[in-house]
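K.L.:
Got chain W; can you put chain Z on it based on the hints?
Protein chains: 2
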Amino acid sequence: MNYKISKFYQDMPTGNFAPAKRTSNFKLMQDPAYFPFGAGNPSPDTFPVDKIREVYNEIFTTPALTKATLNYGFGAGYEPFLSNTKAWLNKLYGSMVTENDDMMATAGGAEALAFPTMVLTDPGDVAIVEDPTFSATLSMFKHNGLTCVPVPMQTDGMDIEKLEAALKANPKAKLIYVISTFQNPTGYTTSTEKRKAIYALAQKYDVIILEDNPYGELRYSGEVINPIKTLDTDGRVVYCSSYSKIMSPGIRLGYIIGNKALMPVVQTARINVHASMLAQVMVGEFMNKYDLMEHIKSCCDYYRVKRDIMYNTLKENMPDSVTVSYPEGGLFLWVDLPEGCLSGPLSEKLLENKVIVFDGAGFQVDKSVPSHGMRLNFSMPSETQIEKGCKLMAEVTKAYLAGK
Amino acid sequence: MNYKISKFYQDMPTGNFAPAKRTSNFKLMQDPAYFPFGAGNPSPDTFPVDKIREVYNEIFTTPALTKATLNYGFGAGYEPFLSNTKAWLNKLYGSMVTENDDMMATAGGAEALAFPTMVLTDPGDVAIVEDPTFSATLSMFKHNGLTCVPVPMQTDGMDIEKLEAALKANPKAKLIYVISTFQNPTGYTTSTEKRKAIYALAQKYDVIILEDNPYGELRYSGEVINPIKTLDTDGRVVYCSSYSKIMSPGIRLGYIIGNKALMPVVQTARINVHASMLAQVMVGEFMNKYDLMEHIKSCCDYYRVKRDIMYNTLKENMPDSVTVSYPEGGLFLWVDLPEGCLSGPLSEKLLENKVIVFDGAGFQVDKSVPSHGMRLNFSMPSETQIEKGCKLMAEVTKAYLAGK
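Chains W and Z, in that order, give the protein sequences.
Just so you know, we're using the working numbering here: the first sequence kicks off at 1 and counts up by one.
Just so you know, we're using the working numbering here: the second sequence kicks off at 1 and counts up by one.
For reference, chain W alone in the conformation it holds in the complex (with noise of 0.2 Å):
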């Protein structure tokens, strides 16, 4: 039959049933002849495997536990992996959660974005997020109905003048999208006085602040700097997070804290009845037995080398006119190209000489536009891949920008 697609899908499917250029990258970023810096998974090196496997050995022999596994569970969340999780947040950001705050567990960190979104939006409201940004999340803002209206990303947050006149232009704004610390895909992080005009604004234009923070707690140098979340007085910030980076993300499970008044709303957004429980005991559990920041301290010092090979060999190799990001925590480094070189035909020769990398255009609202940088994951490849990859790299971009 001939399908009536909504208007809201009619951009090309991406998934893997589909002969897509992302999954034929993925396949590539498998085959050891090439240099993988394009993924944005954590590496399975990091992932306590003997200690989930004690967990799920305790689970499966302690028949509550088992039963709270196997049963239907509560919409918002098993208890004992919310209240982990909030004294662990409060111990890391101070008032993170507070009591006019509620949390909700969720299939991961994209889902916990989509639900607040589903019920705070209207098709033709406008969402203005930083540019570039995560691009899934630009999808789900665009199956919503949702207009993205991009504020470019500078390198300690959006462009304040920028911001605040989109949301002047936009009086059908009802959020802005932030990912507020080691930012996907640049690797910036917002400053302390930018998180605070970007809430003032939030205050000013009357809209919600959807904070996304999956990569905030690996941090390998530097001041923690706290969230948007613990600015907030008006319950305006929307806090998203999971514990992907720095658990496993094939257990897809991920939360959202906002204001016990508005949660409940978004509970009733949920389409899967409640996140999965062999991943809220499994947490819980893990929390119980074991200290979480002392595992996330063992897989920072294991980040923290491959950054630093990737950022010194880049930075050693690279023409001066290129900028290298150093970035304090997360996946990522940036690597920008001087004014007028663009990263998209910089990135394809990359791939012929067997580098893969991610160009920004596919973060940008507008993919069409040009993109100068580029996305370099640091977490996947091993340390002689890094640095013979970026050496490559560096001879690759002389040779580009030598023909320009």
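Hints are all accurate, no fakes.
As the list makes no split between identical chains, a pair holds if one copy fits it or if it spans any two.
Result set (PhoX-like, lysine-lysine): computed pairs, CA atoms no more than 25 Å apart in a straight line: (1) Lys67 <-> Lys297; (2) Lys172 <-> Lys7; (3) Lys67 <-> Lys27; (4) Lys168 <-> Lys4.
Rather than coming from a laboratory, the hints here were simulated on the basis of the structure.
P.N.:
Here is chain Z on its own, set in the frame of chain W:
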């Protein structure tokens, strides 16, 4: 702040943050002083705990399985899970999953219904539904901006004349939602004749059939009736089901089967990257190690006894004017009061007497229309609770009808 809630989400929150009636009944159902016939859960007695423990033990001692479980997976699902499920369904029902179909794993059956709805409808469209039907699907349709048009449910499926009238009267109808076997809430099964008639009408009016079959494999008597999906020559049936009732609901694992041309689009609606690998790898391995049908047979043996006790006790004790359905499977039995007698006030009287049933009005498109029927669940109460509770229910019902 004053939250501006989407026009599609302005119904009352029913989640467990809110002090909803549903939650308090849920709590009462844990109270041994009550007869808990109000649930929709499978019985924890049927969960194959020992086998699941064995499978997890294998997963977390086999590096390849550990890796598959903790890493990101594919949006469509984990291949061994998908292929084992396809093979099992084809063995059960003949040609269920053809070479023209694709399959996608989801976080349970409710999510399986949501994704096709998201891509195949726009706000203002119409969904034709059995009346009464599963209330969570009605909410999901409403949240997608659909108008639900009810077609009366009969003991052998929808009233076909009224179905055609509804299709004729609603040119914006995009789908017919059918719980084809052991329907929730009535327990009724759509006959083969009506399956053919519904399919023919879907062809005539060019609409999708969203077939929901979470209870279908729990058959205690009678002959297997193949899903409407097996009649499909056009690719217009989207088949949704789950492992919640035959394995465990806490694992949150369901699936969608649909035409290869449609499924890549359905996949773009996914808001959570992929279904839990903890669930997919477990069920995939479960089917490698054990005979799923043998496990389901043991569930059926368990439930058959309870169904028979509930049916026989009601049949012997209820006034003749009350109709008690004899479902050939599933988790529910339907009690219909005689013409002119409302089930709402009786349900409340039953609750005063500590018998919890689910009044039919909660499953209607228009919940304000009084109902004559009540859903009784026999999976959760013990055999003794069923016998005592049904005798008490018959007494209360007699007194209620005598007082009319």
